[in-house]
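Colleague: Sequence:
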Amino acid sequence: MNDWTHWQSFLAVIDTGSLSAAANQVGATQPTLGRHIKALEESLGVPLFLRTVRGLEPNEAALSLVDDARAMGVAAGRLALKAAGKTETLAGSVRITGSVVMCNLVLPAIVADLRREEPLIQIEIVASDRSQNLLRRDADIALRMFDPTQQALVARRLGETPLGLYGAKSYLERRGRPQTLGEMLGHDIIGFDRDDAMLKGFAAQGAVVTREQFPLRCDDQMVDWHLLLAGAGLGIAQRRLGDAQTNLERLDVGLTLPVLPIWLVMHEDVRSNARIRRVADFLSQRITSWLM
Numbered sequence: 031m032n033d034w035t036h037w038q039s040f041l042a043v044i045d046t047g048s049l050s051a052a053a054n055q056v057g058a059t060q061p062t063l064g065r066h067i068k069a070l071e072e073s074l075g076v077p078l079f080l081r082t083v084r085g086l087e088p089n090e091a092a093l094s095l096v097d098d099a100r101a102m103g104v105a106a107g108r109l110a111l112k113a114a115g116k117t118e119t120l121a122g123s124v125r126i127t128g129s130v131v132m133c134n135l136v137l138p139a140i141v142a143d144l145r146r147e148e149p150l151i152q153i154e155i156v157a158s159d160r161s162q163n164l165l166r167r168d169a170d171i172a173l174r175m176f177d178p179t180q181q182a183l184v185a186r187r188l189g190e191t192p193l194g195l196y197g198a199k200s201y202l203e204r205r206g207r208p209q210t211l212g213e214m215l216g217h218d219i220i221g222f223d224r225d226d227a228m229l230k231g232f233a234a235q236g237a238v239v240t241r242e243q244f245p246l247r248c249d250d251q252m253v254d255w256h257l258l259l260a261g262a263g264l265g266i267a268q269r270r271l272g273d274a275q276t277n278l279e280r281l282d283v284g285l286t287l288p289v290l291p292i293w294l295v296m297h298e299d300v301r302s303n304a305r306i307r308r309v310a311d312f313l314s315q316r317i318t319s320w321l322m
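Take the sequence shown: its letter number 5 is residue 35 in this note's numbering, and every next letter is one higher.
Bear in mind the hints are in silico, worked out from the structure with no lab data behind them.
Because the structure is a prediction, the values reported are computed rather than measured.
Think of the CB as a built atom: it goes at the ideal place given N, C-alpha and C, for glycine as much as any other residue.
Hints are not guaranteed to be accurate.
[Stated by the list, open to error] Here are the computed distance ranges between Cβ atoms for each label pair:
#, residue 1, residue 2, range
1, Met322, Gly57, 35 to 43 Å
2, Trp320, Asp226, 24 to 32 Å
3, Glu298, Leu120, 14 to 22 Å
4, Val96, Arg308, 30 to 38 Å
5, Asp143, Arg186, 29 to 37 Å
6, Val289, Thr210, 19 to 27 Å
7, Glu154, Arg187, 37 to 45 Å
Let the hints inform the model, and build the full structure from the sequences given.
Modeller: Set out below in structure tokens:
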């Protein structure tokens with residue numbers, strides 16, 4: 031049996047009717063396709079085309095082979111996918127990692143809709159504020175709020191999410207609404223414990239504070255979120271989340287807060303996996319819409 035490329039050339043000539051047009055279709059030269067057709071005819075022991083002024087016309091022998099040749103092409107494509115460790119099926123597991131806040135407050139509704147559309151895809155969620163190593167395949171898809179730096183990763187920037195300072199209305203009615211950064215520092219502030227990111231953020235704006243000035247401290251941002259909702263103090267949250275809560279009020283005290291990017295990141299070797307690509311595309315569309 032001849033090389034599959036000879037059959038590819040055969041089908042291209044069948045579809046286009048000439049060597050030149052077939053060469054353009056498959057990205058080869060006209061002499062190369064001519065050699066492929068000649069080799070195929072010699073291997074089969076029968077001529078396949080009539081050479082006419084209008085080009086190449088398939089004879090009865092050629093036409094009898096077309097359906098089988100196309101089926102061979104489909105099978106060859108599937109073999110190539112399997113040999114490369116890829117899959118066409120939309121069944122199996124996809125492992126997603128994201129921040130604790132993203133996995134708790136954003137992903138559930140999206141994943142529920144995805145499962146309704148793709149019931150054969152199983153979703154594993156890793157909620158962690160630590161970066162999972164995609165190069166080691168700790169996850170298939172990562173949702174990150176920092177620019178990816180590892181090589182061999184494919185990243186899509188989905189948008190950005192600004193942060194805001196919030197207080198529960200019950201807390202503000204009890205303690206008042208701060209108007210300045212100085213007034214804010216006199217309030218109960220929900221902050222991190224061992225993580226010094228907030229301290230550095232305040233210091234960058236000329237406000238030297240210590241962790242003791244945060245009477246409520248936890249490095250788990252979901253705990254911080256629930257403390258904020260409970261009216262325990264002032265806290266920082268993503269505006270898209272905070273503004274959606276009717277019991278929270280966003281405050282303007284002249285504090286400049288960062289805008290966080292949201293990236294969807296995959297290892298380049300898995301982006302051709304149909305199942306993972308389907309989940310990645312679904313997440314991209316839904317998170318992008320959520321950010322608008």
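Colleague: The structure should be examined with respect to each hint, and the outcome stated for every one.
Modeller: Now for the hints, and whether the structure bears them out:
Distance hint check for Met322 and Gly57: the Cβ-Cβ separation is about 40 Å, which falls inside the suggested range of 35 to 43 Å. Checking the proposed 24 to 32 Å range against Trp320 and Asp226 shows it holds: the Cβ atoms sit about 30 Å from each other. In this structure, Glu298 and Leu120 meet the distance hint of 14 to 22 Å, their C-beta atoms being roughly 21 Å apart. Between Val96 and Arg308 the beta carbons are some 32 Å apart, a value that agrees with the proposed interval 30 to 38 Å.
Look at Asp143 against Arg186: about 19 Å separates their beta carbons, and that is not inside 29 to 37 Å. Distance hint check for Val289 and Thr210: the Cβ-Cβ separation is about 22 Å, which falls inside the suggested range of 19 to 27 Å. For the hinted restraint 37 to 45 Å between Glu154 and Arg187, the CB-CB distance of approximately 24 Å leaves it violated.
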